[in-house]
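In the numbering used here, the protein residues as written are 57 to 218.
None of these hints come from the bench; they were simulated from the model.
Be careful, since some hints might not be right.
As the list claims (entries may be wrong) - Capping the alpha-carbon separation at 20 Å, the derived lysine to any residue pairs in SDA-like fashion look like this:
(1) Lys178 <-> His188
(2) Lys178 <-> Pro217
(3) Lys178 <-> Gly202
(4) Lys178 <-> Thr152
(5) Lys178 <-> Ala157
(6) Lys178 <-> Arg160
(7) Lys178 <-> Pro191
(8) Lys178 <-> Glu167
(9) Lys178 <-> Arg162
(10) Lys178 <-> Pro168
(11) Lys178 <-> Leu148
(12) Lys178 <-> Asp154
(13) Lys178 <-> Leu189
(14) Lys178 <-> Asp161
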Amino acid sequence: MGDLPENALTNANLLRAVGSRLRLARERQGWSRGQLVARLDVDIHVQTIATYELGTRQCPLGRFVAICEALGVPAPELLDDALRNAGVPQHLLACTVDLRAVVRDRDLALEPLRRWARARLKSDPAQARTTHLEPEVVAELAMFCGLSHETLFRRLSDFAPR
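The task is simple: from the sequences and hints, build the whole structure.
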């Protein structure tokens, strides 16, 4: 991942960014840390929540998901927001695209992407019309389109589900 700005993904940066987003989500609910703990199905001490929110302690994945569920916030969205806040370049994050919107686009440079989208839709007509693309997939598709990873990622935002 040589595209990352220096220290964007240091443990401390991520811990602070995730903690900040957890705290904001809790505060949007108008809850104290104690009120959040009372709503969790897992046994967590109030001080532990504080260390997660302050970014001084890493939150295990299972607890992170449980906290997000209690807060009514999708864990992937909170993590995505935290990664952006930590300074991770957008093109290194995953994205979701509407395959039908890709097929309707007429940009000649995106013809390989259109063929791929048509094939995805044809292979399983009952599948959802949207697909989630990890950064590695975007990088491969960019290569087929003769575009940089970053350029294709920006273009894919035009095809985000509405």
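Check your understanding: For the pair supplied as a hint, Lys178 and Gly202, is the alpha-carbon distance within the 20 Å limit?
Key -> violated (24 Å)
Point to revise | Lys178 paired with Glu167 [C-alpha distance capped at 20 Å] | key: holds (16 Å)
Review point. Are Lys178 and Asp154 close enough, with their CA atoms no more than 20 Å apart?
Key: holds (14 Å)
Check your understanding: Lys178 and Thr152: Cα distance at most 20 Å?
Key -> The hint holds at about 18 Å.
Check your understanding: Holds or violated: are the alpha carbons of Lys178 and Arg162 at most 20 Å from each other?
Key -> OK: Lys178 and Arg162 at ~19 Å, within 20 Å.
Practice item. Assess, step by step, whether the Cα of Lys178 is no farther than 20 Å from the Cα of Pro191, and give holds or violated. Key: The hint is violated at about 23 Å.
**Study point:** Restraint status (C-alpha distance of Lys178 to Pro168 at most 20 Å)
**Key:** Given that 20 Å is the threshold and the Cα spacing comes to 15 Å, the pair holds.
Check your understanding: Is Lys178 close enough to Pro217, meaning Cα to Cα at most 20 Å?
Key -> Judged against 20 Å, a Cα distance of about 19 Å means the pair holds.
Check your understanding: Is the Cα-Cα distance between Lys178 and Arg160 20 Å or less?
Key -> Roughly 15 Å between the alpha carbons, so the hint for Lys178 and Arg160 holds.
Review point. Is the Cα-Cα distance between Lys178 and Asp161 20 Å or less?
Key: holds (17 Å)
Review point. Holds or violated: are the alpha carbons of Lys178 and Leu189 at most 20 Å from each other?
Key: holds (18 Å)
Check your understanding: Quick one, are Lys178 and Ala157 close enough, alpha carbons at most 20 Å?
Key -> holds (15 Å)
Of the numbered hints listed earlier, those contradicted by the structure are 3, 7, 11.
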